[in-house]
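*Asks:* Chain by chain, the residues run as shown.
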Amino acid sequence: MQENIVQLDKVEHSDIKLKNSLDLKRAGSGNMSPVIVHEIPQLSTQFPLIFIKNSNTGEFNWVALFGLESKQNLFVENEKWTGKEIPAIMTHVPLGMTTLPEDNDKLLVVIDTLSHLVSKDEGEALFNENGDETEFLKKRIQAMLTYQHHAKVTKELIQLIVELDLLESKEFSFEIGGDKKNLGGMYLISEEKLNKLPDEKILLLQKKGVLGAIYHHFSSLHNFKSLLNRLSERQGAA
Amino acid sequence: MIKSIVIVGGGTAGWITANHLAVALGGAGKSSVQITLLESPDIPTVGVGEGTVPAMRNTLAHFGIRETDFLRECDATFKQSIKFVDWVHNPGASVNNFYHHVFDYPAIYPLNTVPYWLLEPNNLKFADAVSLQGKVCDAGLAPKMITHPEFQGVTEYAYHLDAGKFSQLLANNAVNKLGVKHVKANLTDVDIDESGDIQFVKTDRAGDLKGDLFVDCSGFNALLIDKKYKVKFIDQSQHLFVDTALAMQVPYQNPDDPIASHTIATAKQSGWIWDIGLSSRRGVGYVYSSQYTDDTSAEETLRNYVGGAASELQCRKISMKIGYREKFWVNNCVSIGLSQGFVEPLEATGLLLFDAAAKMLAELLPGHKQDMAKTSRLFNQRSTYTWKRVIDFIKMHYYLSQRDDSEFWIDNRKASSAPQSLLEALDLWHNRPPSEYDFFSRFEAFNLDNYLYVLYGMEFQTNMSGIAGRYTQAEKSQEFYRRFSQQFDELKTQLEPNRKLLGRIKKYGLQTC
Numbered sequence: 001m002q003e004n005i006v007q008l009d010k011v012e013h014s015d016i017k018l019k020n021s022l023d024l025k026r027a028g029s030g031n032m033s034p035v036i037v038h039e040i041p042q043l044s045t046q047f048p049l050i051f052i053k054n055s056n057t058g059e060f061n062w063v064a065l066f067g068l069e070s071k072q073n074l075f076v077e078n079e080k081w082t083g084k085e086i087p088a089i090m091t092h093v094p095l096g097m098t099t100l101p102e103d104n105d106k107l108l109v110v111i112d113t114l115s116h117l118v119s120k121d122e123g124e125a126l127f128n129e130n131g132d133e134t135e136f137l138k139k140r141i142q143a144m145l146t147y148q149h150h151a152k153v154t155k156e157l158i159q160l161i162v163e164l165d166l167l168e169s170k171e172f173s174f175e176i177g178g179d180k181k182n183l184g185g186m187y188l189i190s191e192e193k194l195n196k197l198p199d200e201k202i203l204l205l206q207k208k209g210v211l212g213a214i215y216h217h218f219s220s221l222h223n224f225k226s227l228l229n230r231l232s233e234r235q236g237a238a
Numbered sequence: 001m002i003k004s005i006v007i008v009g010g011g012t013a014g015w016i017t018a019n020h021l022a023v024a025l026g027g028a029g030k031s032s033v034q035i036t037l038l039e040s041p042d043i044p045t046v047g048v049g050e051g052t053v054p055a056m057r058n059t060l061a062h063f064g065i066r067e068t069d070f071l072r073e074c075d076a077t078f079k080q081s082i083k084f085v086d087w088v089h090n091p092g093a094s095v096n097n098f099y100h101h102v103f104d105y106p107a108i109y110p111l112n113t114v115p116y117w118l119l120e121p122n123n124l125k126f127a128d129a130v131s132l133q134g135k136v137c138d139a140g141l142a143p144k145m146i147t148h149p150e151f152q153g154v155t156e157y158a159y160h161l162d163a164g165k166f167s168q169l170l171a172n173n174a175v176n177k178l179g180v181k182h183v184k185a186n187l188t189d190v191d192i193d194e195s196g197d198i199q200f201v202k203t204d205r206a207g208d209l210k211g212d213l214f215v216d217c218s219g220f221n222a223l224l225i226d227k228k229y230k231v232k233f234i235d236q237s238q239h240l241f242v243d244t245a246l247a248m249q250v251p252y253q254n255p256d257d258p259i260a261s262h263t264i265a266t267a268k269q270s271g272w273i274w275d276i277g278l279s280s281r282r283g284v285g286y287v288y289s290s291q292y293t294d295d296t297s298a299e300e301t302l303r304n305y306v307g308g309a310a311s312e313l314q315c316r317k318i319s320m321k322i323g324y325r326e327k328f329w330v331n332n333c334v335s336i337g338l339s340q341g342f343v344e345p346l347e348a349t350g351l352l353l354f355d356a357a358a359k360m361l362a363e364l365l366p367g368h369k370q371d372m373a374k375t376s377r378l379f380n381q382r383s384t385y386t387w388k389r390v391i392d393f394i395k396m397h398y399y400l401s402q403r404d405d406s407e408f409w410i411d412n413r414k415a416s417s418a419p420q421s422l423l424e425a426l427d428l429w430h431n432r433p434p435s436e437y438d439f440f441s442r443f444e445a446f447n448l449d450n451y452l453y454v455l456y457g458m459e460f461q462t463n464m465s466g467i468a469g470r471y472t473q474a475e476k477s478q479e480f481y482r483r484f485s486q487q488f489d490e491l492k493t494q495l496e497p498n499r500k501l502l503g504r505i506k507k508y509g510l511q512t513c
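Sequence order for the protein chains is Y and H. Mapping of the first sequence onto my numbering: residues 1 to 238, in sequence order. Mapping of the second sequence onto my numbering: residues 1 to 513, in sequence order.
I should point out that these hints are in silico values taken from the structure, not numbers from a laboratory. Among the hints, a few may not be true.
[As the list claims (entries may be wrong)] Computed list of lysine to aspartate or glutamate pairs in EDC-like fashion (alpha-carbon distance at most 20 Å, straight line):
no., chain 1, residue 1, chain 2, residue 2
1, Y, Lys71, Y, Glu171
2, H, Lys492, H, Glu156
3, H, Lys506, H, Asp294
4, H, Lys3, H, Asp256
5, Y, Lys201, Y, Glu168
6, Y, Lys139, Y, Glu122
7, H, Lys506, Y, Glu163
8, H, Lys500, Y, Glu59
9, Y, Lys225, Y, Glu171
10, H, Lys388, H, Asp235
11, Y, Lys25, Y, Glu156
12, H, Lys506, H, Glu194
13, H, Lys500, Y, Glu102
14, Y, Lys170, Y, Glu191
15, H, Lys507, Y, Glu163
16, Y, Lys71, Y, Asp179
17, H, Lys30, H, Glu363
18, H, Lys506, Y, Glu12
19, H, Lys177, Y, Glu163
20, H, Lys165, H, Asp69
21, H, Lys507, Y, Asp112
22, H, Lys414, H, Asp235
23, H, Lys500, H, Asp193
24, H, Lys507, Y, Asp105
25, H, Lys369, H, Glu194
26, H, Lys507, Y, Asp103
27, H, Lys177, H, Asp193
28, H, Lys506, Y, Asp103
29, H, Lys321, H, Asp294
30, Y, Lys138, Y, Glu233
31, Y, Lys80, Y, Glu233
32, H, Lys507, Y, Glu156
33, Y, Lys138, Y, Glu124
34, H, Lys507, Y, Glu59
35, H, Lys506, Y, Asp179
[What the hints assert, rightly or not] Covered stretches of chain Y, going by a simulated chain H footprint (3 or more residues, C-beta under 8 Å):
no., segment
36, 58-69
37, 161-173
None of these values were measured; they are calculated from a predicted model. The beta-carbon is built from N, C-alpha and C at its ideal position, and this holds for glycine as well.
One chain only, chain Y, in its complex shape (with noise of 0.2 Å):
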């Protein structure tokens, strides 16, 4: 697949139109997504909800898993999504926003216009005739821009998640059609540890919000089912 993610300017792209829809070969190509802590109640109905680590950065992300392999979308059908919930980064694509490495309060939007919702002639129009943005593009980065500030929310209780230490890593195993398998470098919230934490810090989770969606997160993963059944499902079918 090809991309070209270049800074929106309404002068180059004057002339763009995007179609309201999504780009599932650009954001649905992963086995996961990451999440932001607003939408973990709706989502844990159907993801598992689990913590990785960043292979960049080594810092941990709470994310929504698709598929038991890497590569593999078991949400995603003949480019159709299929499930009931989408994280909501997913639908930004194939706008996004970024911060420039040597500064990072100054979030950019940027687009990739190899994606095939982006046309000359079908879809919504980005900027109108003098070149200001309109009330589609205005909509679209209000979202992000309110999706930026639940992430640095996030990133904030994943921290207090791992001060407090109760992430460990584990891995599911299991088996498809005879094949014994093993999904790695997983960590998951320690329930042993939760519930050894002092008064005051389990007081602390609960205010900062946390806590709710550390039980969202317990509750996710029984969804591991669900993905075992779409797996079997697709490999019945194959």
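Mind docking chain H on chain Y? Use the hints.
*Replies:* For chain H alone, coordinates are given in the frame of chain Y:
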């Protein structure tokens, strides 16, 4: 009851001892024992000893120090091996005149491949036949990834560190987290009672410090063990000839110059040069024998090694007395660090020995003063054993050399210069490879793995003729060699250069799980 301990000296040995004792005795606020460290504001620390061995990882974790903090604050880097250059043959005799003494344990389980390699070396260097770490080092790769938790990696590793900054980190940990009292003053006198025990030490600005136990960490000065108790020093210069060091701090030419993932020890005509890469600079030094060369030629050797960068740099001369004391614990006084003795830093023995001695003291410290004599006998016996074994191991690096390009090397290779215990061990290994039964103590400073890497890295000849018929799984051993080569090819794609990983850790930190 032993209720108060006074440590004299605030270098690395003093602070390592303070941390070990404080952890073992129960930590801040809860312990029934008060530890005080007396540091002279006027005497500079020696501050050499920038290499460590993997046991340092356990020590840091034991002290409750985060690996991230340690790496950031001590300009520390990862060390996976010592690369010995020009030790086996005269310089220029071959392009491959080096060997690695790596930290990964050689692959001797489930199949011990050592005898197979001895029977058929296959053009493989010994280290490459039993581990992949030599290749990892030569490729300049780090021993771990950013996703590895603290103190864990793909390969075994230790650190290079800035000794001054390390002392500072240990001091902060001991004082702020473990409740050690830090007194800055000069020791002026030592008061001994009729039984020979130290009652208190006098200081110039902090009054008298009373204690039940005194630890002499005052370095070469040995204020208590030598100046007060006059314990005999057992000179070892008949075995180990080097007695002087010239040290230099060499800045990197470019901020992103690679950092070697191993110590480089290059043998020269009258000694050897250490080359240690920290994140901020390199530490380079020539350790030589003043019997075989003079200071001017030694400095020239060092400057030639460093090259153009050396022209504006100063070097510092340190004189050393090689040997150890007859006793390390007398009455209620224990010596730890350079006050115990000194041996050239060829195998990172400095911090290794400080750490081992401090750990032993922390573990064996009796509760009552009347048990001190028994404990000191045990401590002295164990420490003497350790020193003797260390001397053997260091001497072996010289004794096995085939160099004959200077008197220094010719004399070093004479059997008359080697300790009897080394000659006896080598005599056994002339007809069979070393075995775990040759290293029966759990607390050997250097073990089977260390000996294997150095012996066979140095082309030591074991005559296999009497036992060759026992080794019937040659094909399987070939498979092991192939596996290392495959594993390395895979690892190469995952590991990144030392400096790159260190930069990432500076920025993001390592996770604890």
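*Asks:* The structure should be examined with respect to each hint, and the outcome stated for every one.
*Replies:* Structure-based check of each hint:
{"no.": "1", "hint": "Y:Lys71 x Y:Glu171", "verdict": "holds, 18 Å"}
{"no.": "2", "hint": "H:Lys492 x H:Glu156", "verdict": "holds, 16 Å"}
{"no.": "3", "hint": "H:Lys506 x H:Asp294", "verdict": "violated, 42 Å"}
{"no.": "4", "hint": "H:Lys3 x H:Asp256", "verdict": "violated, 51 Å"}
{"no.": "5", "hint": "Y:Lys201 x Y:Glu168", "verdict": "holds, 18 Å"}
{"no.": "6", "hint": "Y:Lys139 x Y:Glu122", "verdict": "holds, 19 Å"}
{"no.": "7", "hint": "H:Lys506 x Y:Glu163", "verdict": "holds, 18 Å"}
{"no.": "8", "hint": "H:Lys500 x Y:Glu59", "verdict": "holds, 16 Å"}
{"no.": "9", "hint": "Y:Lys225 x Y:Glu171", "verdict": "holds, 15 Å"}
{"no.": "10", "hint": "H:Lys388 x H:Asp235", "verdict": "holds, 12 Å"}
{"no.": "11", "hint": "Y:Lys25 x Y:Glu156", "verdict": "violated, 31 Å"}
{"no.": "12", "hint": "H:Lys506 x H:Glu194", "verdict": "violated, 55 Å"}
{"no.": "13", "hint": "H:Lys500 x Y:Glu102", "verdict": "holds, 18 Å"}
{"no.": "14", "hint": "Y:Lys170 x Y:Glu191", "verdict": "holds, 13 Å"}
{"no.": "15", "hint": "H:Lys507 x Y:Glu163", "verdict": "holds, 17 Å"}
{"no.": "16", "hint": "Y:Lys71 x Y:Asp179", "verdict": "holds, 19 Å"}
{"no.": "17", "hint": "H:Lys30 x H:Glu363", "verdict": "holds, 18 Å"}
{"no.": "18", "hint": "H:Lys506 x Y:Glu12", "verdict": "violated, 39 Å"}
{"no.": "19", "hint": "H:Lys177 x Y:Glu163", "verdict": "holds, 18 Å"}
{"no.": "20", "hint": "H:Lys165 x H:Asp69", "verdict": "holds, 12 Å"}
{"no.": "21", "hint": "H:Lys507 x Y:Asp112", "verdict": "violated, 29 Å"}
{"no.": "22", "hint": "H:Lys414 x H:Asp235", "verdict": "holds, 19 Å"}
{"no.": "23", "hint": "H:Lys500 x H:Asp193", "verdict": "violated, 58 Å"}
{"no.": "24", "hint": "H:Lys507 x Y:Asp105", "verdict": "holds, 17 Å"}
{"no.": "25", "hint": "H:Lys369 x H:Glu194", "verdict": "holds, 15 Å"}
{"no.": "26", "hint": "H:Lys507 x Y:Asp103", "verdict": "holds, 15 Å"}
{"no.": "27", "hint": "H:Lys177 x H:Asp193", "verdict": "violated, 34 Å"}
{"no.": "28", "hint": "H:Lys506 x Y:Asp103", "verdict": "holds, 18 Å"}
{"no.": "29", "hint": "H:Lys321 x H:Asp294", "verdict": "holds, 17 Å"}
{"no.": "30", "hint": "Y:Lys138 x Y:Glu233", "verdict": "violated, 41 Å"}
{"no.": "31", "hint": "Y:Lys80 x Y:Glu233", "verdict": "holds, 17 Å"}
{"no.": "32", "hint": "H:Lys507 x Y:Glu156", "verdict": "holds, 17 Å"}
{"no.": "33", "hint": "Y:Lys138 x Y:Glu124", "verdict": "holds, 12 Å"}
{"no.": "34", "hint": "H:Lys507 x Y:Glu59", "verdict": "holds, 11 Å"}
{"no.": "35", "hint": "H:Lys506 x Y:Asp179", "verdict": "violated, 42 Å"}
{"no.": "36", "hint": "58-69", "verdict": "holds (count 3)"}
{"no.": "37", "hint": "161-173", "verdict": "holds (count 5)"}
When the structure is compared with the earlier hints, violations turn up for hints 3, 4, 11, 12, 18, 21, 23, 27, 30 and 35 and for no others.
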